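A.B. asks: As a plain string of letters, each chain reads:
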Amino acid sequence: MDTKTKPQSTSPASSSRRRFMQLSGAAGGGLLFGFSLFGCQKKEEPRNKPPSERAVGQATSANSDQPPGLARDAFIRIDRDGLVTFICPKVEMGQGTFTAIPMLLAEELGADLSKVKLEQAPASNALYADPLLGGQVTGGSTSVRGAWTPLRQAGATVRAVLVTAAAKQWNTDPGSVKVIDGRIMHPDGKQSLGFGDVADAASKLPLPGKVELKPASAFTLIGKPHHRLDSPIKANGQAQFGLDARLPNMGIAAVAIAPVTGGKLASADEQKAMAVKGVRQVVKLENAVAVIGDHFWAARQGLEAAAPTWDDGPNANVTSASIVADMMKASQSNGAVATNKGDALKRLGDKNGRRIDAIYEVPFLAHATMEPMNCTVDLKADGCDIYCGTQVPALAQAAAAKITGLPQEKVRVHNHYLGGGFGRRLEVDYVAQAVAIAKASGKGPVKLVW
Amino acid sequence: MPALDINGSTTNLDVPDDMPLLWALRDVAGLTGTKFGCGVALCGACTVHLDGQPVRSGVTPVSAAVGKQVTTIEAIGNDPVGQKVQAAWNQLDVVQCGYCQSGQVMAATALLKSNPHPNDADIDGAMSGNICRCGTYPRIRHAIKVAAGGK
Chain A
1 MDTKTKPQST SPASSSRRRF MQLSGAAGGG LLFGFSLFGC QKKEEPRNKP
51 PSERAVGQAT SANSDQPPGL ARDAFIRIDR DGLVTFICPK VEMGQGTFTA
101 IPMLLAEELG ADLSKVKLEQ APASNALYAD PLLGGQVTGG STSVRGAWTP
151 LRQAGATVRA VLVTAAAKQW NTDPGSVKVI DGRIMHPDGK QSLGFGDVAD
201 AASKLPLPGK VELKPASAFT LIGKPHHRLD SPIKANGQAQ FGLDARLPNM
251 GIAAVAIAPV TGGKLASADE QKAMAVKGVR QVVKLENAVA VIGDHFWAAR
301 QGLEAAAPTW DDGPNANVTS ASIVADMMKA SQSNGAVATN KGDALKRLGD
351 KNGRRIDAIY EVPFLAHATM EPMNCTVDLK ADGCDIYCGT QVPALAQAAA
401 AKITGLPQEK VRVHNHYLGG GFGRRLEVDY VAQAVAIAKA SGKGPVKLVW
Chain B
1001 MPALDINGST TNLDVPDDMP LLWALRDVAG LTGTKFGCGV ALCGACTVHL
1051 DGQPVRSGVT PVSAAVGKQV TTIEAIGNDP VGQKVQAAWN QLDVVQCGYC
1101 QSGQVMAATA LLKSNPHPND ADIDGAMSGN ICRCGTYPRI RHAIKVAAGG
1151 K
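Here the protein sequences come in this chain order: A and B. Taking this note's numbering as reference, the numbering of the first sequence is continuous, increasing by one, and the terminal residue is 450. Taking this note's numbering as reference, the numbering of the second sequence is continuous, increasing by one, and the terminal residue is 1151.
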């Protein structure tokens, strides 16, 4: 993609990319259509009781009561006060998406990056599927590559309608109106408008079919050194990770899981667990036992008192050694052919050739993020709220919907900063387990901590 | 019900004396800046100060904190050394995922309060109990030197 020589226009792309761009185009400009619904809310009424929100770096989950499929607020929301909120479709696990993604949006929008509020994207494949991955996934080094064009177009689209609205208000040529650091500048260089001043008017305008993206020579953010937006709150303890979720009356669950895949819980002493001060409840699953307490310490003490035993099941005799032995045996026979050039077997059998045989073994490695797996579930009859860190919010939503029987749109995933992903949080096993425990418990919010 | 001095305020928490301070802070007092990583004093994410000394709150019972000043990451910025450490952390963008960083900042601050000009060996000795899966060690080392007045 040559970004160096000329402004880019929206151009036809692969069909999946086009679909994504259409959604984000509608969302980017349509945000302003949708904005008026948010403008109707009182300023002091948070939609989802998030932790206290600050400009830039303190992200909260952008779940709203909007019906699904309303691609209005996909990436950019602008209040009548001019507060610009960026909704990040990529999760932050240290790799810097919460800085890179806002840079893409702010560059084309012309927003003041230091004043932007960040929110985590809610679960939605329809809105946030990555064009390279086909789903709402953060991973595989795809975030900036996947977001590069669609998010810049979203920013440019919103900029275009803001400019058109301002130009109308000033009765001047939109081509001479500039947007710099969050202000819309009149051609006379003196007058300016804030985004909030024209948001209402802009929301009524039709979306431009084509938007010009900045040439690289005009970049003020992209390609320049920039501090991480989340640095300060990670150095002062304010960043909210999944493990930090807190809900009123929440129970905290410690869990013991069958040590062998396919194993089952054989026994757990519920009475002894309940006798520990602070223990509220013991929940038995097929392959695990959870003790729910007022705090994690009570839960852990209760779990130890429960002293679970296990039926190891069909894999009882599988060991690391037996797995290696099986692989060694299998490697003696023919395997799948990855590629075939020339006659390798003949060359390898050539006694005059120089043949080197080597066996490389690597041990099983624990993914071992610094933040243990955890998930907080608030399950009610008419909906479910999940609080965790996940690389795959839509899959977390689907897993919870399956277990609870709720329709997907009634399951809201409130994502957090991840204390390490490394691909481990591509799995939703801990989400499913937390939901199962909450469902079996039936006694209000539960935080599962591994 | 032990009375604890946490960040300058005395609180009576309804917790057993043998409860690790970490859970009293996180689950009962609601101070979630101190992190849980292992529960067995292997990772350092739970580091707080007791009378200015760094301890692993995950294995320190509440009873050991009675009569002492507990300082957590939430308040370390009020300390002039802590402030310098956080400023250096931000200047160099030390953090990545950030989960270990509360403990790192607390350990680094304790180091600099007792040794204002640590060399590499001093830094190794003081900081080796705080692990970082993202590998921010080089920037941690650099930030400690910057906070100490270097570059």
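Please keep in mind that the hints were generated in silico from the structure rather than gathered at the bench. Treat the numbers as computed from the prediction; the structure is a model and nothing was measured. Treat the hints with care, since some could be wrong.
[Unchecked claim] Below 30 Å or equal to it, Euclidean Cα-Cα: the simulated DSSO-like pairs (lysine-lysine) are:
| # | chain 1 | residue 1 | chain 2 | residue 2 |
| --- | --- | --- | --- | --- |
| 1 | A | 443 | A | 264 |
| 2 | B | 1068 | A | 277 |
| 3 | B | 1151 | A | 439 |
| 4 | A | 214 | A | 117 |
| 5 | B | 1068 | A | 224 |
| 6 | B | 1084 | A | 115 |
| 7 | A | 117 | B | 1084 |
| 8 | B | 1151 | A | 224 |
A.B. asks: What are the numbers of the hints that this structure violates, sorted from low to high?
C.D. replies: When the structure is compared with the hints, numbers 3, 5 turn out to be violated.
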